Structures are given as structure tokens and as C-alpha cells.
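Protein chains: 2
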Amino acid sequence: MMDQSTSENVQRLPATDDEFGGVVVEMKEHMDSDVFRTLLKASMSQWKLQGKKGVWIKLPIHLSNLVDTVVKEGFEYHHAEPKYLMLLCWIPKTNNPIPANASHIVRVGAIVLNDKGEMLVVQEKMGILRGLWKISTGTVHQGEDITAGVIREVKEETGIDTEFVEVLAFSQEHNVFFGKSEVLFLCMMCPLSFEIQIQETEIEAARWMPLEDYEAQLSVQEQVLRKYIIELCKAKVERGYSGFSPSPVTTDSNGNPSFIYFNKEDLNKKILDNSVNQV
Amino acid sequence: MMDQSTSENVQRLPATDDEFGGVVVEMKEHMDSDVFRTLLKASMSQWKLQGKKGVWIKLPIHLSNLVDTVVKEGFEYHHAEPKYLMLLCWIPKTNNPIPANASHIVRVGAIVLNDKGEMLVVQEKMGILRGLWKISTGTVHQGEDITAGVIREVKEETGIDTEFVEVLAFSQEHNVFFGKSEVLFLCMMCPLSFEIQIQETEIEAARWMPLEDYEAQLSVQEQVLRKYIIELCKAKVERGYSGFSPSPVTTDSNGNPSFIYFNKEDLNKKILDNSVNQV
Numbered sequence: 001m002m003d004q005s006t007s008e009n010v011q012r013l014p015a016t017d018d019e020f021g022g023v024v025v026e027m028k029e030h031m032d033s034d035v036f037r038t039l040l041k042a043s044m045s046q047w048k049l050q051g052k053k054g055v056w057i058k059l060p061i062h063l064s065n066l067v068d069t070v071v072k073e074g075f076e077y078h079h080a081e082p083k084y085l086m087l088l089c090w091i092p093k094t095n096n097p098i099p100a101n102a103s104h105i106v107r108v109g110a111i112v113l114n115d116k117g118e119m120l121v122v123q124e125k126m127g128i129l130r131g132l133w134k135i136s137t138g139t140v141h142q143g144e145d146i147t148a149g150v151i152r153e154v155k156e157e158t159g160i161d162t163e164f165v166e167v168l169a170f171s172q173e174h175n176v177f178f179g180k181s182e183v184l185f186l187c188m189m190c191p192l193s194f195e196i197q198i199q200e201t202e203i204e205a206a207r208w209m210p211l212e213d214y215e216a217q218l219s220v221q222e223q224v225l226r227k228y229i230i231e232l233c234k235a236k237v238e239r240g241y242s243g244f245s246p247s248p249v250t251t252d253s254n255g256n257p258s259f260i261y262f263n264k265e266d267l268n269k270k271i272l273d274n275s276v277n278q279v
Numbered sequence: 001m002m003d004q005s006t007s008e009n010v011q012r013l014p015a016t017d018d019e020f021g022g023v024v025v026e027m028k029e030h031m032d033s034d035v036f037r038t039l040l041k042a043s044m045s046q047w048k049l050q051g052k053k054g055v056w057i058k059l060p061i062h063l064s065n066l067v068d069t070v071v072k073e074g075f076e077y078h079h080a081e082p083k084y085l086m087l088l089c090w091i092p093k094t095n096n097p098i099p100a101n102a103s104h105i106v107r108v109g110a111i112v113l114n115d116k117g118e119m120l121v122v123q124e125k126m127g128i129l130r131g132l133w134k135i136s137t138g139t140v141h142q143g144e145d146i147t148a149g150v151i152r153e154v155k156e157e158t159g160i161d162t163e164f165v166e167v168l169a170f171s172q173e174h175n176v177f178f179g180k181s182e183v184l185f186l187c188m189m190c191p192l193s194f195e196i197q198i199q200e201t202e203i204e205a206a207r208w209m210p211l212e213d214y215e216a217q218l219s220v221q222e223q224v225l226r227k228y229i230i231e232l233c234k235a236k237v238e239r240g241y242s243g244f245s246p247s248p249v250t251t252d253s254n255g256n257p258s259f260i261y262f263n264k265e266d267l268n269k270k271i272l273d274n275s276v277n278q279v
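Here the protein sequences line up with chains D and P, keeping their order. For the first sequence, position 45 (counting from the first letter as 1) is numbered 45 according to the UniProt record's numbering, and the numbering increases by one without interruption. For the second sequence, position 171 (counting from the first letter as 1) is numbered 171 according to the UniProt record's numbering, and the numbering increases by one without interruption.
No wet-lab data here; the hints were simulated from the structure. Hints may be right or wrong, so weigh each one.
One copy or two, it doesn't matter: identical chains are merged, so the pair holds either way.
[What the hints assert, rightly or not] Think about it this way: if two alpha-carbon atoms lie no more than 25 angstroms apart in a straight line, the pair counts; the simulated DSS-like pairs of lysine-lysine are:
hint, residue 1, residue 2
1, Lys134, Lys41
2, Lys72, Lys227
3, Lys53, Lys125
4, Lys125, Lys227
5, Lys269, Lys234
6, Lys48, Lys83
7, Lys53, Lys28
8, Lys125, Lys52
9, Lys28, Lys72
10, Lys227, Lys52
11, Lys125, Lys28
12, Lys72, Lys83
13, Lys264, Lys48
14, Lys58, Lys134
15, Lys41, Lys269
16, Lys48, Lys269
Bear in mind the structure is a predicted one, so any value in this text is a computation, not a measurement.
Pulled out of the complex, with its shape left as it was, chain D reads as follows:
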């Protein structure tokens, strides 16, 4: 006859094993916090006995009544998105090797030149750059390719369709937003349409502007980055500057490729020489 007091008979939280010797609890249904506390304590005892390492608890926002109980049990926050909170308890005495939360925002800036050598520029309605003619910039969405993000931003802000050419440069800056860092990719874009239709909510005005006029509005207060935009444009147009262009490398389960960006011209130099030799 089974002993009713064995730990096998204590009810525990539903959990799945992860690949790193830990467990993941994904709470979904409403639960009284006292019931939850009892289950969590029993589960933690069991997981400790089993030598589990990281214990993850994911709480959707409608279960915010359980956050306090999880924290009191020794968990810390790992990350949060608008509709859920992820908490982590690292059981071993060793250092927690779990990667930290995402640390960077990825932004894109679009350098769009027409065949008169004019650049597509906008004025924003708000913010510290208000009144200044600047290139279209924006944040790459979660799960979005850099190439797609910059095409979307230019279209949204100016109505102009563009094709991605290459990354001319990128910058990294810290403490941009709640202590997070930013990588900004400056992208060379080829315009496929020319008639401007601005996004009324964020953009005050948009136009095609000669590079000299863009350069003329620079002041000593301007960031050096803005000066590089002009230098890079000129280098690209006048003397064949090579940026990084994308090639697919792997394909995910949804059939979407990942991309590697590199100096395709320089990588292909020898191949081209060989082709020439073979002719």
C-alpha cells in the first residue's frame, strides 16, 4: 500500500524541464495566492532534492496577485514584457550563468539619395531634434530584420518606397533608454518612388534636400555622427565606398532567413580576379 505522505503524493506546480538542467513553470489559470504558495513551496523542495538548477516562473499579467509570493520564495525578476513577467531562482551555490535580459535597442537611419544627389530628410514634430532636417530614423521591431525595418520606417514617415543597398556604418551608444544601449545602423537605400506623403502624427515635414543644404545646417553643437553621414554619402557617391551588404546564412523554423552583413565587394575581389583570368 502506498504511503500517502511520500513526496510523490504532494501536489506540485506543472513544470517542464529545460535543456540546461532547470525547470519552467508557465502559469495560466487564476489561482488563490495561498494555494499557490503551498504548491510553490512543495515544488521547490522537490526540485532542490532533484538537483535542479534554474527555476523559471512565467506569470501573465492577469496573475499579478502571485508576484509577491514568488519573490518571497527567493526569486528575482529576469525580464518583463507588457503582458507577462518572468522570474528566476538559481538554486545551486555556484554563480548564475544565465544570460541577462536583452541589453540593446536596434535603430536604423536611412540615407536615401535621388539621382540629383538630393537626400530624403524629415522634420520631427517632437523631441530634441525638432526643427532640424534629419534622415528618417526608427526602432527595429522585435523579430524584424534590419533591412525590413529601415524600408518600413522610410515608408511610414515619408511614403517613399525604397530598396535596401547596404549598411554604410553603425554606431553604439550607452544609457539611451532606461540604462539600455543602442546600436544604430546607417543604411544606404535606393528610392523606388519619389512623391512624398508624410505621416501626420510624428512628422512635421519631409523633402528632398541637396547635400550642401543638409551640411549647411550643421552647427558646432551637432553630434559628430551627423558629419559622418555627409562624409559617407560623398564617399559612396564619388569614390565607391563599400559598406556591408546582407547575405542569407541560416533559415529558422518559419522559413525566414537570418542574414550576415559584410563587405561583399572586398570578399569577392579575388573571385572577380579569377573570373577575369579565366576569360
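Given chain D, put chain P in place with the hints provided.
For chain P alone, kept in the frame of chain D given last:
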């Protein structure tokens, strides 16, 4: 005589205005959740009357007893770090224009070649790449420059001191860690020391390996990225491939520069030509 019932006399949460027409509440001291609820409700009424937009509440983890109250008042999570949770309520009926949480992890891969054309490679103790000779890779810490991150990773894993040369390529991949994306910068590094001392906890072995041997372990199962590493090494060594190298652009309040990375060789092409003409 003042009317004691005017809203000016109701106690409210301590808040500071932000630059975008919103307010920020940073809770620090313990507070009973009923007291907190009363103050929050009074504060929200006041902020709505004042036409405030985003209301931010930052709760350190020792105040997890207040999370449920904030959520019940209509807030969503914005982001969390181990020791705090940030909640947001967007009051206007318009779309919330507040940037989302950080979306990317930034990683570095170190291509370190000695003057015999051998590459510094490691074998990891754990993970899916266990047993494979691979380049040193690692995550850039929050607030850390890419250049500093890759020097640190190589030193930690192999004991080798290196100097940053340039970014040869970068890749972007999605759904790497809790739905977040990753940007991996492949960095060319110049070794300043050669004697290997491995980090015992994560690294099984490290060595200098001829590029042919590295190439020989490739299989059809390998990601295309690995093949590009060889192509990029060869292009760099044999025919002067130009990657992106860093230049300082701005300096933050702590005196630390931000960097822009670009094809310095191509940008300086004309300047060099001019110099030559002037000679």
C-alpha cells in the same frame, strides 16, 4: 479659509515630471498595500486632470507586495531587471508611442590570427557546440563597448591579450533567447600574447589551429556563418578586405566616448589620393 476637501489636500505619491509630458514615481520605502492603493488612486485622478500622458512606476523587488495593486489600477509591465520592475500606464486615448523594451542581445565573435596564419580556437564544456573547435564568442555586457567586450571575452576564455582591429561582418538572428533577437559582431583581433591559459569553468580546451584544420571540421550540418568566417579570414589576410573600424563620435557625461564603425579605408580613399597628389 482653505476648503479641506480640495484635491490639493489629498496626499499623493511622490512623482517627478519627465520630458514627454508624463510622470515618474520611484517607490523606495516599504508601504502597506492599502495605503498605497489610496494614494495611487488619488494620484491617478490628479494626473488625468492635469492631462499627463505616460505614468511610470518603478518598484524595487522588496516592494513586490505593491505589484498587484499597480496592475489592478490599469498599468502594464514595461521592463524588469533582477532587482526592479517598471510599470507603465498610458493615459491618453492615442496610441502609446513609448519605445518598447530592449529587443536585442549583442554578441561578439573573435577572429584572432597569429603570424603563422593559425586561428585561436576553443572547445566549450557545455552546449550544442561541445566538442567543436570554434572561435571565442560571448555576450557584450550592458553598457560595454563592442571593442571592450571582445577583448574581455578572449582574455577570459583563453588568457590571450588582444587588440581590436575591425568588425569583419555582423549577423542578425531572431528568437534566440525568450523571443529576443541577437546581433553578432565578428571582430578581427590582433594577438598581443600567445600563451594560452584557459578558463576552467566554461572552456574544455583552447589552441592555435591552422585555418585548413578549422575548415576540415566543417560538415554539411554546420551553419553557413562558420564558412563565412574562413572566407573573411582569407579575404583579410590575402587581399586586404576592409571591415568597419571604430572612431569616437560623442562623449557621454562620464567622459566615455561612443563609437561609429565604418570602412575607414574607403572613406579615406580620396584623402589619401589628395595626399599623394600633394606630395
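Evaluation of the provided hints:
| no. | hint | result |
| --- | --- | --- |
| 1 | Lys134 <-> Lys41 | neither (56 angstroms within a copy, 42 angstroms between copies) |
| 2 | Lys72 <-> Lys227 | neither (53 angstroms within a copy, 49 angstroms between copies) |
| 3 | Lys53 <-> Lys125 | between (50 angstroms within a copy, 17 angstroms between copies) |
| 4 | Lys125 <-> Lys227 | within (23 angstroms within a copy, 46 angstroms between copies) |
| 5 | Lys269 <-> Lys234 | both (23 angstroms within a copy, 11 angstroms between copies) |
| 6 | Lys48 <-> Lys83 | between (29 angstroms within a copy, 23 angstroms between copies) |
| 7 | Lys53 <-> Lys28 | within (23 angstroms within a copy, 31 angstroms between copies) |
| 8 | Lys125 <-> Lys52 | between (53 angstroms within a copy, 18 angstroms between copies) |
| 9 | Lys28 <-> Lys72 | both (20 angstroms within a copy, 17 angstroms between copies) |
| 10 | Lys227 <-> Lys52 | neither (54 angstroms within a copy, 37 angstroms between copies) |
| 11 | Lys125 <-> Lys28 | neither (42 angstroms within a copy, 35 angstroms between copies) |
| 12 | Lys72 <-> Lys83 | both (22 angstroms within a copy, 13 angstroms between copies) |
| 13 | Lys264 <-> Lys48 | neither (52 angstroms within a copy, 55 angstroms between copies) |
| 14 | Lys58 <-> Lys134 | neither (42 angstroms within a copy, 34 angstroms between copies) |
| 15 | Lys41 <-> Lys269 | neither (63 angstroms within a copy, 67 angstroms between copies) |
| 16 | Lys48 <-> Lys269 | neither (58 angstroms within a copy, 63 angstroms between copies) |
When held up to the earlier numbered hints, the structure conflicts with 1, 2, 10, 11, 13, 14, 15, 16 and fits the remainder.
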